[in-house]
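Engineer: Sequences are here, hints too, so could you generate the full structure?
Chains as they are written, first to last, in the numbering used here: chain A, 1 to 1072; chain B, 10001 to 10361.
Heads up, a few of these hints could be off.
[Stated by the list, open to error] In silico DSS-like pairs for lysine-lysine, Cα to Cα no more than 30 Å straight-line: (1) Lys10267/B <-> Lys483/A; (2) Lys10286/B <-> Lys330/A; (3) Lys10299/B <-> Lys517/A; (4) Lys10299/B <-> Lys258/A; (5) Lys330/A <-> Lys10100/B; (6) Lys258/A <-> Lys10008/B; (7) Lys10323/B <-> Lys32/A; (8) Lys261/A <-> Lys10323/B; (9) Lys483/A <-> Lys10178/B; (10) Lys111/A <-> Lys10269/B; (11) Lys335/A <-> Lys10267/B; (12) Lys268/A <-> Lys10286/B; (13) Lys10269/B <-> Lys330/A; (14) Lys10132/B <-> Lys335/A; (15) Lys876/A <-> Lys901/A; (16) Lys32/A <-> Lys406/A; (17) Lys444/A <-> Lys10008/B; (18) Lys3/A <-> Lys10178/B; (19) Lys335/A <-> Lys10178/B; (20) Lys330/A <-> Lys10178/B; (21) Lys10286/B <-> Lys335/A; (22) Lys10100/B <-> Lys446/A; (23) Lys330/A <-> Lys10169/B; (24) Lys10299/B <-> Lys335/A; (25) Lys330/A <-> Lys10072/B; (26) Lys258/A <-> Lys10137/B; (27) Lys10072/B <-> Lys446/A; (28) Lys10072/B <-> Lys261/A; (29) Lys10100/B <-> Lys206/A; (30) Lys258/A <-> Lys10267/B; (31) Lys139/A <-> Lys10269/B; (32) Lys261/A <-> Lys10286/B; (33) Lys261/A <-> Lys10137/B; (34) Lys10004/B <-> Lys517/A; (35) Lys483/A <-> Lys10323/B.
Hints are computed from structural coordinates only; laboratory data are not their basis.
Model, not experiment: these values are computed from the prediction.
Residues per chain, in single letters:
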Amino acid sequence: MEKITKVLVLGSGALKIGEAGEFDYSGSQALKALKEEGITTVLINPNIATVQTSEDIADIIYYLPVTPFFVEKIIQKEQPEGVLLAFGGQTALNCGIALHQDGIFEKYGLKVLGTPVQAIIETEDREKFAQLLASINIKTPRSVAVTTVADALNAGLEIGFPIIVRAAFTLGGQGSGFCNNLDELKNLAEKAFSYADQVLVEESLKGWKEVEYEVVRDCYDNVITVCNMENFDPLGIHTGESIVVAPSQTLTNSEYHKLRKISIEIVKRVGIIGECNVQYALDPYSEDYRVIEVNARLSRSSALASKATGYPLAFVAAKLALGFGLHELKNSVTKTTTAFFEPALDYMVCKIPRWDLNKFQGVSREIGSSMKSVGEIMAIGRSFEEVIQKGLRMIGVGMHGFAANKEIEVGDIELALSNPTDTRIFVIEQAFRQGYTVEEIHQKTKIDRWFLDKLMRIHETSVELESYHSLETLPDLLLLQAKQQGFSDFQIARLVLSDTDYGRNDQIQVSLRNWRKQRGIIPYVKQIDTLAAEHPAVTNYLYMTYHGSEHDIDFEADDRSVIVLGSGAYRIGSSVEFDWSGVNALKTIDKAGFRSVMINYNPETVSTDYDSSSRLYFEELSLERVLDIVELEQPFGTIVSTGGQIPNNLAIRLYNQGVKLLGTSALSIDQAENRHKFSAMLDKIGVDQPAWKELSSVEDIVKFTEEVGFPVLVRPSYVLSGAAMNIVSNISELRHFLELATKVSKQHPVVVSKFLTDAKEIEMDAVADKGEIIVYAISEHIEFAGVHSGDATIMFPPQKVYVETLRRIKKISREIALELQISGPFNIQFLAKDNDVKVIECNLRASRSLPFVSKVLKTNFIDYATRIMLGQKVEKPGKTLFDIDYIGVKASQFSFSRLSKADPVLGVDMASTGEVGCIGDDYYEAILKAMLSVGYKIPKKNILISSGPMRSKTELLQSAVMLVERGYNLFATRGTYQFFEENGIPSTMVHWPDVPESPNAFDLLRERKIDMVINIPRNLTESELQNDYTIRRAAVDFNIPLITNARLASAFIYAFTRYTLDDLSIKSWGEY
Amino acid sequence: MKDKNYRKATLVLEDGMSFSGWSFGYEAATSGEIVFNTAMTGYPESLTDPSYCGQIIVLTYPSIGNYGVPAKTMEDGMYRFFESDRIHASGLIIADYSEKFNHWNAQQSLGDWLIAEKVPGLFGIDTRMLTKIIREKGTMLAKIIFDDDISLNDPSLLNLVDQVSIKEKIVYGTGRNKIMLVDCGVKSNIIRYLLRYDTTVVRVPWNYDYSQEEYDGLFISNGPGDPVQCMTAVNHLQQSIQGNHPIFGICLGHQLLSLATGAETYKLKFGHRSHNQPVLEVGTNKAWLTSQNHGYAVKTESIPDGWLPYFVNLNDQSNEGIKHVKKPFFSTQFHPEASSGPTDTAFLFTHFINAIEAWKK
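Structural biologist: Written as structure tokens, this is what we have:
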């Protein structure tokens, strides 16, 4: 092994659909593995909220775009000897392939560690890869490309029916479909050729099982498969959209090992060094199979496999890239055996995706071959019933498991079974209740009968529970059976005590809990040890099950455990930033000499890594389960303020059950969360807020709007990331929206508040100790209020806020902190117009922007907060935001391209899936880096502008002048064209998409003649005119940068007309 | 609820500990040595593996019975989907039983099969807890009882090999290379592997004297129990290693060959029974995952001159094979024929056949 001393690692950038937190896990593990070998690590990743971009993980960190341009600049500067491409998802891989093809690695003598780039390229080209596999007699789906209907029919006969027809190079699957015979094929082929010149005729594998293997190979040609996984949903649904179990449940030994053997042959043939994922279709009626995909890198599935088995895949893959053999590495979980082994599971896991489709207007709810989910959960248990019910609670969509849920609305149940959507599993339960048999549902869904039989057992138990009406008559055996099948106390209480008012408080479920404990029916804590108890293991990786009779571990009850509640599934509004907060809290707890205990169930996180805490419960963040753990651990205290909204919502409920919370009192949290109490408090301390009222009838709301005038913001209380809130501008919108909003939040009245137009939004992030602010950061949104703070572009320190405003914000924050006696992190959102400052929201927990301000200010707010919560005395740091001479800009990443038909427009409801934070010497440099990091490009020539209402037209005027001065060609829709004309700005008028005249906006987009689209919606709420929607959607579908906010468009235009790419400084975090 | 469909039964360990479970197999008391297996697939193969004769198997994977039990389809004179013609294990202990199964190749449920073969099975037991007890205290005797108690029987006092070996010679195939297979409780997949090459397999009883027979290669099979119970076979082997016919032994066959060389065997605390035993070819960087099922092992330090350790276990450094320094004799503690388990070391059958081809020249 030649000695390598400095290695470059490419990160995956902002979280997006299909590329999320799993790469923070894999990158962090790789960096730790390199560090252990004494190697200096250089990381490029603009995702500032990640754990991997923290000072003790990587040595040198660049918050810059992961693109060939910037990576080459960094290579030039840092002169590393090796580079890792496999740990930053497709973003890093694509960037690496581009650099390899441009000869950059060769030019700088940089060695690609791990799988050779050429091998990766072979796996990325579908056709070449199929040929490669055919050469070693491995089957892939048969596919023939044809250019005539006659050839299509021949191909159909050759392949055999059923087949699938795909029109090549079209969007959203137009012209594609299944056919069972020649006539259907003829019809479909004719249709397909109207979309494209080339059509693919492929064998249909619809209904086949989908199975994956995670394979690892070292440079000595030693290979293991760490894990296999089986999709609950058969082929046709992307594995990222499927419910997945590990290990496989319905495969015989012969099938398991046949596919395992093929995986090994593939990996040896490709020459993987490190990790690889192989996906199969397996015939449910024979051992016939097809290889459908190979990922020659760490993937979402490998992160899941790692968490499912306890095998540190990414860590090991990094070591293998350095030239170690598997047998030379230790199993970091057992610490006694080697890394050359395959984990034996004595439990099973279930992964369930989390969708947020209701956040998008117009999006299709059907799930299929492309990914739409934004996060996932993993449930661990010892029966399928147990894991599926746990898992369905964990995804946090208001369901209590498989059974005993609120009724979901299903129009046509048969259609809903055969056309899968994000709620299909709940449709299955409904079908059971309507008397459908397992066989009937199998025919509709093709889900394996084994899974359906298990679901049926849950359903049958729920029916049996319903036949009892008191705890006293409920047989212990049935209660135990229900618990073993994953029923929560809440579910059982609802079924058995169905006529009581169970929804309003926790009293009923707690009474069931106490009854259950008296009967000796309790869950047991089990270890994940990778070897099914064969050898003793030093592992603190735990789960709980009712299929047990003893705990695997002893509980010290020494008052030294500190429990941190994690953030649960990533979703829009709660993402990697809360993982960063949780992980940092754990670190501080350990450093302070306590035992850190994490509860979380998100497999995409660093907080669920085996080495992030002293003890990890891969468990539910529910009242029931947290109480279970608290009773066993007898902790010093529990922290609820670093995991986002889920723990925050649990605070008062845990407090009511006598759980000792660290930091700000649960009563204060409740006071801040409850709009009514919070408002009364603001009134009491004399702090201004927008006029609002909590109202429960439409008439009252109308009356209120007459008093304060439109526009108003309408929202329910206890919201997560603005779900179901909206700005309405007139009475008809109001009535329309109220129907939707009140329906989703029946238990909470509607809050209506006056909405201020053209107001600045300013955020205060701070940490206080018994009401006294210790550290703080004030940041400013570029967009005016009306864009959700999670979607807004944020600068820190603030650049364009009056000093007087800042002074007032500090004063108000101090008053609030004191009044609520805050001890720990908090965030307040302000509106400022002129020097008028109003408070709009206050959260007594770590906020989304906390890692961003912590890293820009180089002051770890969570460390301060945690030390305070542990009762330590902390000193105020000497440095404040006024002392730094550089700027950070946080920009949002959107995933509209994945969400076909969704309107890519921003509003009060959050839509972004991720974010980046970049640092610059001035505002324009920082914003340019940030925008480039979320996928924008500096346009080359042509810009299409529809500038919307008059105030955004005015806002964009100066930007338009600058663009013209720089030689850009402006294309404008009619009103904008006229406005430019009047102001002496030359532009070309283009027709709206629905006007059959040339030049037409849609044609220009389709022909890719436009380099950037600025499309400002006419107002914030009303369903947009079809034309504007068509332009925005086309921009997304044709991958043309789109900006829909005039303030952001201006800022971006100012930045790129001022700086070129080469002007941007290549400075690491440490150099600021 | 379970009490409507299943009868309660008790598992009692030698040390007096007892576990209550639900019976889903044959309802009769049984006794045997209790062992655990950590494989996640392959219960039909394991239950019919003659090496489990006299043992009560604990499966650590919690959900068992998922894909049912295949039909008794005959192929080459053997049941295609099983390792022998019947269940050899004395009992089965699992955590959760899938009474509903689904697989294209399934003919009946695991429970029905156990009943038909008169083998008791219990579910509803904390198999992880049980496994930890066996791991800590070592393999021990155990019994499954219903209403009436029975006494514990120690299978190690019996010659189990004699129970599972055939009584009369059977010939399979009509190929060019004649393999003398000494059946100590051979798994069918070993015969299937050998037949893939151009072979005639002559399967003879464990104590058969083949010294006067014509053959090209000698194979010593796997089998149950303590190798020192099979001294007749060891004596025959001592003759064979004086000659030059290629020899290949698997599992018990490995232990018998080792005893024939003068090496010693010993009882492991709780044995190796899993699909994930890592072995390294001694003196190389080549490692493989193997399927294993044995309670005894060869003492590495007792391997005499003229013989070398072939493979070593990466978990506990125990011996996993020997080979002769010059002659084409080798054996493995693990199961290259897999079934159930990983097939990574199947190449050893090719080595054996190549050795035969070379020897014939």
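Engineer: Confirm or reject each hint.
Structural biologist: For each hint, the structure was consulted:
1. Lys10267/B <-> Lys483/A: 41 Å, violated
2. Lys10286/B <-> Lys330/A: Since the Cα atoms of lysine 10286/B and lysine 330/A sit roughly 16 Å apart, the hinted pair holds (cutoff 30 Å).
3. Lys10299/B <-> Lys517/A: Since the Cα atoms of lysine 10299/B and lysine 517/A sit roughly 51 Å apart, the hinted pair is violated (cutoff 30 Å).
4. Lys10299/B <-> Lys258/A: 34 Å, violated
5. Lys330/A <-> Lys10100/B: 40 Å, violated
6. Lys258/A <-> Lys10008/B: 38 Å, violated
7. Lys10323/B <-> Lys32/A: Violated - the C-alpha atoms of lysine 32/A and lysine 10323/B are around 42 Å apart, more than 30 Å.
8. Lys261/A <-> Lys10323/B: Roughly 27 Å separates the two Cα atoms, so the pair holds.
9. Lys483/A <-> Lys10178/B: Roughly 59 Å separates the two Cα atoms, so the pair is violated.
10. Lys111/A <-> Lys10269/B: 48 Å, violated
11. Lys335/A <-> Lys10267/B: 25 Å, holds
12. Lys268/A <-> Lys10286/B: 14 Å, holds
13. Lys10269/B <-> Lys330/A: 23 Å, holds
14. Lys10132/B <-> Lys335/A: With a Cα-Cα distance of about 18 Å, the restraint between lysine 10132/B and lysine 335/A holds, given a limit of 30 Å.
15. Lys876/A <-> Lys901/A: 50 Å, violated
16. Lys32/A <-> Lys406/A: The hint is violated at about 45 Å.
17. Lys444/A <-> Lys10008/B: Outside the cut-off at roughly 38 Å; violated.
18. Lys3/A <-> Lys10178/B: The hint is violated at about 53 Å.
19. Lys335/A <-> Lys10178/B: 47 Å, violated
20. Lys330/A <-> Lys10178/B: Violated: lysine 330/A and lysine 10178/B sit about 44 Å apart, past 30 Å.
21. Lys10286/B <-> Lys335/A: 21 Å, holds
22. Lys10100/B <-> Lys446/A: 17 Å, holds
23. Lys330/A <-> Lys10169/B: Distance ~48 Å between lysine 330/A and lysine 10169/B Cα, so the pair is violated.
24. Lys10299/B <-> Lys335/A: Answer holds: lysine 10299/B to lysine 335/A is near 25 Å, not above 30 Å.
25. Lys330/A <-> Lys10072/B: Between lysine 330/A and lysine 10072/B the Cα gap is close to 44 Å, so the pair fails against 30 Å, i.e. violated.
26. Lys258/A <-> Lys10137/B: Violated, at about 36 Å.
27. Lys10072/B <-> Lys446/A: 28 Å, holds
28. Lys10072/B <-> Lys261/A: Distance ~26 Å between lysine 10072/B and lysine 261/A Cα, so the pair holds.
29. Lys10100/B <-> Lys206/A: Answer holds: lysine 10100/B to lysine 206/A is near 24 Å, not above 30 Å.
30. Lys258/A <-> Lys10267/B: Roughly 33 Å separates the two Cα atoms, so the pair is violated.
31. Lys139/A <-> Lys10269/B: Between lysine 139/A and lysine 10269/B the Cα gap is close to 45 Å, so the pair fails against 30 Å, i.e. violated.
32. Lys261/A <-> Lys10286/B: 17 Å, holds
33. Lys261/A <-> Lys10137/B: 36 Å, violated
34. Lys10004/B <-> Lys517/A: 24 Å, holds
35. Lys483/A <-> Lys10323/B: 54 Å, violated
The structure fails hints 1, 3, 4, 5, 6, 7, 9, 10, 15, 16, 17, 18, 19, 20, 23, 25, 26, 30, 31, 33, 35 (numbered hints given earlier, in ascending order).
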